[in-house]
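> If you read the protein sequences in the order shown, they are chains A and B. Numbering (this note's numbering) for the first sequence: 1 to 439. Numbering (this note's numbering) for the second sequence: 440 to 869.
Keep in mind the hints are simulated off the structure, nothing from the lab. Where a beta carbon is used, it is the ideal one built from N, C-alpha and C, also for glycine. There could be a bad hint or two in this list.
Said to hold, decoys possible - If you anchor each label on the Cβ, the simulated ranges turn out as follows: (1) B:Gly776 / A:Ile261: 37 to 45 Å; (2) A:Asn248 / B:Val498: 15 to 23 Å; (3) A:Thr398 / B:Leu708: 43 to 51 Å; (4) A:Asn248 / B:Phe549: 40 to 48 Å; (5) A:Leu82 / B:Arg636: 31 to 39 Å; (6) A:Ile399 / B:Leu708: 46 to 54 Å.
What the hints assert, rightly or not - A partial selection of chain A residues facing chain B, derived with a Cβ cut-off under 10 Å: (7) Phe241; (8) Ser242; (9) Ile364; (10) Leu371; (11) Gln406; (12) Tyr413.
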Amino acid sequence: MSTPVIPVTAGTPGDELPGAAVLGKISYRIPITYAVLALAALLGLVGTMIGREGVWSQETEFQSRYGDQWFTIPNFSVPSMLTVIVLTVVLIAAAVYGYLLTRDRRTAPLWLHIVVGLAFVLAFLTWAGAGKTSVIPVTSLLAGALALSVPLIFGAMSGVICERSGIINIAIEGQLLFGAFAAAVVASLLTAPYLGLIAAPIAGGLVGALLAWFAVSYQVNQIIIGVVLNTLVLGLTSFFFSTLLADNASTWNARQPLGVIEIPLLSQIPILGPVLFRQTILVYLMYVTVIVLQIMLFRSRWGLRTRAVGEHPKAADTVGIHVNKRRVWNTILGGAVAGLGGAFFTVGSGLAFGREMSAGNGFIALAAMILGKWNPTGALVAALLFGFSKNLGNVLGTIGSPMPSQLLAMLPYVITIFAVAGLVGRVRAPAAEGIPYTK
Amino acid sequence: MTESNTPAPESTPEQPASSPTADRGEDPRSGSAILRQIVGGDVVISILAIIIALVIGAVLIAFADEDVADSISYVFARPSDFLGSAWSAVSDAYIALFRGAIFDFQADTFNRAVRPITESMTFATPLILAGLGIAVGFRAGLFNIGAQGQIIVGAIVAAYLGFAFDLPPVLHVLLCVLGGALGGALWGFIPGILKARTGANEVIVTIMLNWIAVYLVAYVLTLGKFNASGTGLRSPQIGPNAGYPSLIPDFLVPGNTFRLHWGFVVAILATVFVWWLLERSTIGFEIRAAGANPHAARTAGMSVGRITVLTMVIAGTLAGLAATSQVLVDGGSLTAGVAATYGFDAITVALLGRSKPLGTFIAGLLFGAFQAGGTLMQSVTSTPIDIVFVVQSVIVLLIAAPPLVRAIFRLPDPDASPKKVRATTKEAAA
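All chains, please: the whole structure from these sequences, using the hints.
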């Protein structure tokens, strides 16, 4: 402003002087992360070579059959050592390529992340299953991963809807739990699991409405309300669980599983077919939610207004958008989405309601949303990554692996820290997040 | 008192005390400010919030009671049955809550009668300490959800030092306390350094570290020395000199059964220390500056990264101290559930205490009392302790929204300027 000589260039990073040809420091975060993974694979390899007898003749068997299908890929075995060596070489190559890219100030493409992730996971699986009589069940590994991800994805979508419009939704946990509770109770009382699916979003929306009411009308710190609503829902559901539901479980808390709907043709695709298309309606609703939200958020009037309200409410207000009204409705909608996700714990999995059933999933959904940079697809990938690594730990625990089960159970959490510190780094929240709007 | 804040002419001397300055933490003169905070309008709001919360709790207790459910079927024929059973359900529960939390008037000895208040203080100790840690984080603009994990890791270290070594009195307990604090500090350091170096969001990292700590303690309990019993559930008991001494000395009370120990004194000292740190020290100034506006803090020459690491280490240390109050007791040992839900309750405590040391201390005492009372209530009546969570959260919600409490009781707004009144009427109309 003060010096008119400097040309106004768009997209100049904030910490650089405008106009000056000063380049920022190169961050080697991504190649370092790759290198750490490659090193881990290499160490595992060397350790195995020294430690085990007859490693060269060991094989790892993979299984892709899952239920009955028109045609199946038979179980196949790979020579363990050779596969791990090849994959380790791939990892090292990726690390070097990543370093070269970063040195030339180019960003590593998405496919490189995927290659590195796949190579590492495959190497790990091959290593863990080497010389075992049990097979690695690829399809059920993926199916379990999706099942663990469903509530996370719904929760993360809820977070995206709320936070894009400027309301911090820490109450995802509470919304999931209340959705699970409402779905179980309504489905049990009316012996109709599908009615549970209607009750769950209403319950979640109710929590969202409370959040919006306190955040917008009374301008209470949104983190306070979120944390407190979680406690409130936990207290309420646990209270009713140990009084009403426990006294008369057959009427109030009977299991009402949703039926599995198989999509013809698509469910016959080997490996992925049964994982993706032999599911309950709730999972299909999840696909629809993610796709619709991704399109709506960036391609519709609703999305533009939502983002405007979350980034610069004053500007939005100036052009006639009702900031607080938009925020209230989005928070209620977000709550409803999370509530629907909560139904997965009860009717979606065919279980009765249990105390503290959401078990911290709401917070992990929050983490997935931040990791996905407040984007529906990003959050989806983060939630799937989490669900996959969690199930990987479970599966390896059952087939027996060289690592103790408690350490395997840490896997998803360690991987998430890795992802956030190594790949994603500093993320930028919507600018007006958490700030109440008054004219 | 700024000139822009014009109190209404009919206001009593107390009313300006609850001015917004008290909320914003611009604490001018300590003693008078604390006094104002206590006698100001906040206290009235707090008491009313507790009353509303207890009423809501009463409705729930009556709703879930079986006698009440039986009598509601003929409520129009004989309403007295319904009201009577509801009254007895609610009053039984609340009397038990009071007897468990403050003073047991049905006890036969004086010791037993005053024991509940000491139990409340015992329950409050970890809540206060962990709550202080979270409060420090809030003041630096960090949302540290990791107290749970920090408590667990602190407990692992404290318990190990407690049972693996045999040292003289005082020295041993000091070593264990130090070790617990260091363990918590380590678990706080990780998110701090990751945030400072890579910008990793502390919310994600602390959530993940909580879970890692949960599995870590499960793993540690299967290891050699920790697993002396072979069950993998419980470590050996700590040594006789490793526990906090009882705060109420044996020579004062014959047959001493009080659990209250010197950990409570640590909590008091920590409260004073955190107050000094935040309000009087350079580091505290930097912490508050970084929390209020990190860009301004950086411009002023402060290293925000260093402050982030330091704040998380302090927070972890305090949570580690909270762990010592759980492990370093008579016959204490490490279990997987050593942290209970203290780490999460501490967030609510810090929020209720508005991230101020004294506020956190009082909030911790209140929650400790609910915990102690709820335990007795659950054992002598049919009301589960979960009702306590409901009451606690309603209290925090209402205290955070004074206008709602005023609206319920039709109270006037003490510091309403004409502009504010317009805003509220507009909202009411909308």
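> Do the numbers back the hint for A:Ile364, that is, is its least Cβ distance to chain B under 10 Å?
7 Å, holds
> Taking 10 Å as the limit, does the beta-carbon of A:Tyr413 come near enough to a beta-carbon in chain B?
Holds, because the Cβ-Cβ distance from A:Tyr413 to chain B comes to roughly 4 Å (cut-off 10 Å).
> Against chain B, is A:Leu371 within 10 Å by beta-carbon distance?
6 Å, holds
> Is the distance from the Cβ of B:Gly776 to the Cβ of A:Ile261 consistent with 37 to 45 Å?
Distance hint for B:Gly776, A:Ile261 holds at roughly 40 Å.
> Between A:Asn248 and B:Phe549, is the Cβ distance one that fits in 40 to 48 Å?
Given about 44 Å between the Cβ atoms, the range holds.
> Would you settle whether the hint for A:Ser242 is holds or violated, based on the nearest Cβ-Cβ distance to chain B being less than 10 Å?
4 Å, holds
> For the hint on A:Gln406, does the least C-beta distance to chain B fall short of 10 Å?
Given a least distance of 4 Å, the restraint on A:Gln406 holds.
> Note whether the CB distance of A:Thr398 and B:Leu708 lies within 43 to 51 Å or breaks it.
49 Å, holds
> Holds or violated: A:Phe241 as interface residue toward chain B, Cβ cutoff 10 Å?
8 Å, holds
> Within 46 to 54 Å: is that where the Cβ-Cβ distance between A:Ile399 and B:Leu708 falls?
For A:Ile399 and B:Leu708 the Cβ distance comes to about 52 Å; the hint holds.
> Go ahead and decide if the range 15 to 23 Å is satisfied by the Cβ distance of A:Asn248 to B:Val498.
With Cβ atoms ~20 Å apart, the hint holds.
> Does the hinted range 31 to 39 Å hold for A:Leu82 and B:Arg636 at CB?
Roughly 38 Å apart at Cβ, these two residues keep to the hinted range, so it holds.
In summary, the structure agrees with every hint in the numbered list given earlier.
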